[in-house]
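Enquirer: Listed below, chain by chain, are the residues.
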Amino acid sequence: MSNIAALFPLVIIVAGALLVLVLEVFLKRENKSYLGFLSILFLIVCGFLCVRFWNKDYAYFGQALFLDNLALFLALLFCVAVAFIILLCLKYISSQDANHGEIFALLLLALSGMMIMTSSSDLLVIFLGLEVLSISCYALAGLRRKDERSGEAALKYFLLGSFASAFLVLGLAFLYGASGSLRIPVVIDHFRAGSAAGLLSLAGLALVLVGFGFKIALVPFHMWTPDVYEGAPTPVTALFSVGPKAAGFAVLLRVFLNFWPASGETGLIFWVLWVISVLTMVIGNLVALRQTNVKRILAYSSIAHAGYILVAVLAKDNASLIFYLTAYLFMNIGAFAAVIGLSKKGKEYLELEDFAGIGFKYPWLGATFAIFLFSLAGFPPTAGFLAKFYVFSAAVRADLVPLVIIGVLASLVSVFYYLRIIVYMYMRDPSGEVDIDIENPALFLVLFLCLYGVLQLGIFPGNILVLIKQAVASLPVL
Amino acid sequence: MSFPILSVVTFLPLLGAILLIFIPAPKKNVQRGLALAFTFVVFFVSLALYFQFDSTTPEPQFVEKAAWLGYGINYHMGIDGISLFLVLLTTFLFPIAVLSSWTYIQKRVKEYLLFMLLLETGILGVFVSLNLFLFYVFWEAMLIPMYFLIGVWGGPRRIYATLKFVLMTMFGSLLMLVSIFVLYSLYYKATGVYSFNIFDYYKMILNPQVQGWLFLGFGLAFAIKVPMFPFHTWLPDAHVEAPTAGSVILAAVLLKMGTYGFLRFALPLFPDALMKFLPLLAVLSIIGIIYGGLMALIQKDIKSLVAYSSVSHMGLIMLAVFSLNLEGIEGAIYQMLNHGLSTGALFLIVGILYERSHTRLIKDFGGVASQMPVFTAFFLVCMLSSVGLPGLNGFVGEILCLFGVFQSHKIYAYLAITTVILAAAYLLWMYQRVMHGPVKNEKILSFKDMNGREIAYFVPIIIMMFWMGVYPQSFLRKMDTSVNHLLKRVRNREKVFVREVENRVIPWEQIVPKKRAAEEKKGDE
Numbered sequence: 000m001s002n003i004a005a006l007f008p009l010v011i012i013v014a015g016a017l018l019v020l021v022l023e024v025f026l027k028r029e030n031k032s033y034l035g036f037l038s039i040l041f042l043i044v045c046g047f048l049c050v051r052f053w054n055k056d057y058a059y060f061g062q063a064l065f066l067d068n069l070a071l072f073l074a075l076l077f078c079v080a081v082a083f084i085i086l087l088c089l090k091y092i093s094s095q096d097a098n099h100g101e102i103f104a105l106l107l108l109a110l111s112g113m114m115i116m117t118s119s120s121d122l123l124v125i126f127l128g129l130e131v132l133s134i135s136c137y138a139l140a141g142l143r144r145k146d147e148r149s150g151e152a153a154l155k156y157f158l159l160g161s162f163a164s165a166f167l168v169l170g171l172a173f174l175y176g177a178s179g180s181l182r183i184p185v186v187i188d189h190f191r192a193g194s195a196a197g198l199l200s201l202a203g204l205a206l207v208l209v210g211f212g213f214k215i216a217l218v219p220f221h222m223w224t225p226d227v228y229e230g231a232p233t234p235v236t237a238l239f240s241v242g243p244k245a246a247g248f249a250v251l252l253r254v255f256l257n258f259w260p261a262s263g264e265t266g267l268i269f270w271v272l273w274v275i276s277v278l279t280m281v282i283g284n285l286v287a288l289r290q291t292n293v294k295r296i297l298a299y300s301s302i303a304h305a306g307y308i309l310v311a312v313l314a315k316d317n318a319s320l321i322f323y324l325t326a327y328l329f330m331n332i333g334a335f336a337a338v339i340g341l342s343k344k345g346k347e348y349l350e351l352e353d354f355a356g357i358g359f360k361y362p363w364l365g366a367t368f369a370i371f372l373f374s375l376a377g378f379p380p381t382a383g384f385l386a387k388f389y390v391f392s393a394a395v396r397a398d399l400v401p402l403v404i405i406g407v408l409a410s411l412v413s414v415f416y417y418l419r420i421i422v423y424m425y426m427r428d429p430s431g432e433v434d435i436d437i438e439n440p441a442l443f444l445v446l447f448l449c450l451y452g453v454l455q456l457g458i459f460p461g462n463i464l465v466l467i468k469q470a471v472a473s474l475p476v477l
Numbered sequence: 000m001s002f003p004i005l006s007v008v009t010f011l012p013l014l015g016a017i018l019l020i021f022i023p024a025p026k027k028n029v030q031r032g033l034a035l036a037f038t039f040v041v042f043f044v045s046l047a048l049y050f051q052f053d054s055t056t057p058e059p060q061f062v063e064k065a066a067w068l069g070y071g072i073n074y075h076m077g078i079d080g081i082s083l084f085l086v087l088l089t090t091f092l093f094p095i096a097v098l099s100s101w102t103y104i105q106k107r108v109k110e111y112l113l114f115m116l117l118l119e120t121g122i123l124g125v126f127v128s129l130n131l132f133l134f135y136v137f138w139e140a141m142l143i144p145m146y147f148l149i150g151v152w153g154g155p156r157r158i159y160a161t162l163k164f165v166l167m168t169m170f171g172s173l174l175m176l177v178s179i180f181v182l183y184s185l186y187y188k189a190t191g192v193y194s195f196n197i198f199d200y201y202k203m204i205l206n207p208q209v210q211g212w213l214f215l216g217f218g219l220a221f222a223i224k225v226p227m228f229p230f231h232t233w234l235p236d237a238h239v240e241a242p243t244a245g246s247v248i249l250a251a252v253l254l255k256m257g258t259y260g261f262l263r264f265a266l267p268l269f270p271d272a273l274m275k276f277l278p279l280l281a282v283l284s285i286i287g288i289i290y291g292g293l294m295a296l297i298q299k300d301i302k303s304l305v306a307y308s309s310v311s312h313m314g315l316i317m318l319a320v321f322s323l324n325l326e327g328i329e330g331a332i333y334q335m336l337n338h339g340l341s342t343g344a345l346f347l348i349v350g351i352l353y354e355r356s357h358t359r360l361i362k363d364f365g366g367v368a369s370q371m372p373v374f375t376a377f378f379l380v381c382m383l384s385s386v387g388l389p390g391l392n393g394f395v396g397e398i399l400c401l402f403g404v405f406q407s408h409k410i411y412a413y414l415a416i417t418t419v420i421l422a423a424a425y426l427l428w429m430y431q432r433v434m435h436g437p438v439k440n441e442k443i444l445s446f447k448d449m450n451g452r453e454i455a456y457f458v459p460i461i462i463m464m465f466w467m468g469v470y471p472q473s474f475l476r477k478m479d480t481s482v483n484h485l486l487k488r489v490r491n492r493e494k495v496f497v498r499e500v501e502n503r504v505i506p507w508e509q510i511v512p513k514k515r516a517a518e519e520k521k522g523d524e
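Protein chains in written order, with numbering that gives the first Met the number 0: chain A, 0 to 477; chain B, 0 to 524.
Treat each hint with caution, since some may be false.
To be verified - The following label-pair restraints were derived from C-beta to C-beta distances:
1) B:155 / A:22: 52 to 62 Å
2) A:180 / B:6: 28 to 38 Å
3) A:427 / B:432: 43 to 53 Å
4) A:459 / B:427: 52 to 62 Å
5) B:10 / A:427: 45 to 55 Å
6) B:155 / A:50: 53 to 63 Å
7) B:390 / A:458: 41 to 51 Å
8) B:10 / A:36: 47 to 57 Å
9) B:483 / A:458: 35 to 45 Å
10) B:10 / A:150: 52 to 62 Å
11) B:406 / A:266: 48 to 58 Å
12) A:22 / B:28: 26 to 36 Å
To be verified - Taking lysine-lysine pairs in the PhoX-like style, the calculated list, with each CA pair at most 20 Å apart, reads:
13) B:106 / A:360
14) B:362 / B:439
15) B:27 / A:360
16) B:188 / A:315
17) A:360 / A:346
No lab work stands behind these hints: they were computed from the structure. Glycine included, every Cβ here is placed at the ideal spot set by N, Cα and C.
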């Protein structure tokens, strides 16, 4: 149904971003956190609209921008994620010398980019959203201007990201040449017609895959991830690990999922994805074993999780994919929140050694971090277990047993490095140097909400599952 | 609706753990008292299971069923004659474990008790779940408290031991998870109904090749847990490093989860594969028996001696399970209980010695009997129970196991009998070196005999040892029907298969009327 209301959530976020940018000039350095609260207000309004628009299927610009349930669900998810990040930023930016009001504006702009990506059926518009997201991300990564690693992260991300975008555009051009349109239904129909697919469209599809593979950090397009994650300000890293990934997978969901079970040439793409998924799971987890920096461990773990999610794409199980993204959001932001909690003015504790003994020294921080790590490792009764459970059981139902066996063994490897962090936290004696500034109510609010999310999704996910089912029902059935 | 007794028993410790969080850390005795009170209440509630248990039916009893996540994932609990006593063993040993760590654990008491209570919930959950998903959730979740118990309160090599324990167990469980998925998807494809209910899976007849793979998946998980040779390597490490109560629970209850898994899942679900792998499994069990016994002989550390004796005893239990007759399986279950009692008691004995001397090496002891007469008596009974002296519980179990094995395969029985000889050798020798002879170490002269608390938790164990040794009927008769039913399931399924060899899953409709399938479908939604 064509209705200008489809634009409202996006307009609100962009307006919020611009307003924050303007007000930033007039605020004193100490008062920048007001901007954070203002941004959260905008997020709440946007979230409220998303809830109200549920089942309404508003669209505008001739279907180029529409709000089906999937787009709304993901928009809501992104709003929650960005709200968490803003709460985490409030204290972080002043204590870590990144006190720029722009961070809130950039976060909101990144959010608008993600929303555009998930709520469009035109690949060119999706590309537009991707660029809005990417450029905000480059700036966010470099926000700690006095830290060399932050600058390096921004530059690296920018250079490699531009390459990926170039690949994506080239792929889109090929697709356009082959199918005559960039609207997803037309492209899909072109592929489903089968015989006409040809080399051009296949190359286009592969290049599009490269572009998105970069964004969601699939092996072998993952090289930027650890450095960028390590260098970027930690709350921003938390966003990187969740937001762009979820948006990228949402696009894969809309574009790729429906091509199969067509055999022949698209079967090739299936096997390419199969191999990528295996590589992502195995390499992500194996390399994480060797890391001693917690941010890098979480970076490689986020690569590995992209591999598990890709299994859901291969299994063509949309609901379990979305559930995984939801669960991953809570557990990963929660884990990063705990890492952020372990800091004091001008200093972050990120090496494994720094974590020695903090479990008993700061019981709440330690316990919640441990629960998030158990969830990431896939222990019941947490969200991480149920997410893996749904994905792998769907994959077995789709006759992908070898893939599942590789997947569970890879996750066994991951158990080792997640537990290693817990070993340091609880089973090593404190090194004595770590002295953190524990007073941070916003952070504890995030920790608590993520903990609630992880347990609710792990034990009684009933309501969320219903929502997810309604969300994926809006995908075309082929 | 009747009183949900199984849920109460399972989740009461969890409630205790939650309450424990709110007690301030310095009030250690309040925390200990609370944990003890909860484990006691759980035990008394679980006694009702024994008295109300109907031994005439093989059907699961005290069943609770509620919809949970859909797609066949239900909250489904119940016990039969096989799981009844494992539940009771667990609830019986936990108050003892809490009492035994009263003074042993001095640092981080609150967290320790918290994990003990969580562990109890996890273990009980494993034994009462009838839904494979629920089972797996408990099976995995129970690793977390054990990981902390060994890793935080353990000995010098605790981190190595605990990671090895978790990773090896997880390796098996994850492959089991894949097998569960395969079963789930096969069942769905055959019937169009989603189910994780094990009784539904019992009705499914799979082609033997698929069975073989699935049996390997399940069997590996359980074999690591038992542990069977050659998957036993985590056990000595975990036992030696774990705190006393951790070792007690590990030996007495956790290992039984493996044997229970064989009885509940691997045997009845995959009878054809079982027949194929039977010789291999039996040989591995026998190797475990002899290897464990020989290793126990040469141990210098009392605790690792007891740990290797566990490998040997569990080997006999597994061999009896694979004998597939009434005596064998009842003997195996009975021996599971005995092993829980006597090995648990031996670990407690080691704990008592260690608390006094801070060493566990046999050569540091000698002549302890002269200083600790009461302790000597308890030690003697526990040791003889583990050796299998007639009149004590171990004898009944071992003789039943051996009868069973003898009926099915004589040579296995001849080999298995070495367990009794070896056990007598390593245990008596150890007892003699520790308790008798000249006092080698001056510290021993200052040993105090057992105090009231220690006697209090040993007395129930000793009573049970005598009771189970003298009057086994009160236990065995409760299992008869369930074990017979299990055997029928394993044997008959095999015959059905021989009669109609088909290279596919037999459609559901041939096994139950369509109407019922439709009803179940309705019920699941």
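Enquirer: Could you run down the list of hints and mark each one as holding or not?
Expert: For each hint, the structure was consulted:
For the pair residue 155 of chain B and residue 22 of chain A, the supplied restraint of 52 to 62 Å holds, since their beta-carbon distance comes to about 59 Å. A hinted range of 28 to 38 Å for the beta carbons of residue 180 of chain A and residue 6 of chain B is inconsistent with their spacing of about 58 Å. In this structure the hint that residue 427 of chain A and residue 432 of chain B lie 43 to 53 Å apart at CB is violated, the actual value being about 36 Å. Look at residue 459 of chain A against residue 427 of chain B: about 55 Å separates their beta carbons, and that is inside 52 to 62 Å.
Checking the proposed 45 to 55 Å range against residue 10 of chain B and residue 427 of chain A shows it is violated: the Cβ atoms sit about 33 Å from each other. About 56 Å separates the C-beta atoms of residue 155 of chain B and residue 50 of chain A, a value consistent with the hinted range of 53 to 63 Å. The given range of 41 to 51 Å is respected by residue 390 of chain B and residue 458 of chain A, whose C-beta atoms sit roughly 48 Å from each other. Checked against the hint of 47 to 57 Å, the pair residue 10 of chain B and residue 36 of chain A fails, with Cβ atoms roughly 41 Å apart.
Checked against the given bound of 35 to 45 Å, the beta carbons of residue 483 of chain B and residue 458 of chain A, roughly 37 Å apart, stay inside it. Between residue 10 of chain B and residue 150 of chain A, the C-beta spacing of about 53 Å keeps the proposed range 52 to 62 Å intact. At roughly 56 Å, the beta carbons of residue 406 of chain B and residue 266 of chain A sit within the given window of 48 to 58 Å. Separated by about 58 Å at the C-beta atoms, residue 22 of chain A and residue 28 of chain B break the suggested range of 26 to 36 Å.
With a C-alpha separation of about 13 Å, the suggested pairing of residue 106 of chain B with residue 360 of chain A holds against the 20 Å cut-off. For the hint linking residue 362 of chain B to residue 439 of chain B, the alpha-carbon distance of about 8 Å falls within 20 Å, and the restraint holds. Taken as a hint, the residue 27 of chain B and residue 360 of chain A pair is honoured in the structure, with Cα atoms around 18 Å apart against an allowance of 20 Å. Simply put, residue 188 of chain B and residue 315 of chain A have alpha-carbon atoms about 17 Å apart, close enough for the 20 Å limit, and the pair holds.
Of the supplied pair hints, the one linking residue 360 of chain A and residue 346 of chain A holds, its CA atoms being roughly 18 Å apart against a limit of 20 Å.
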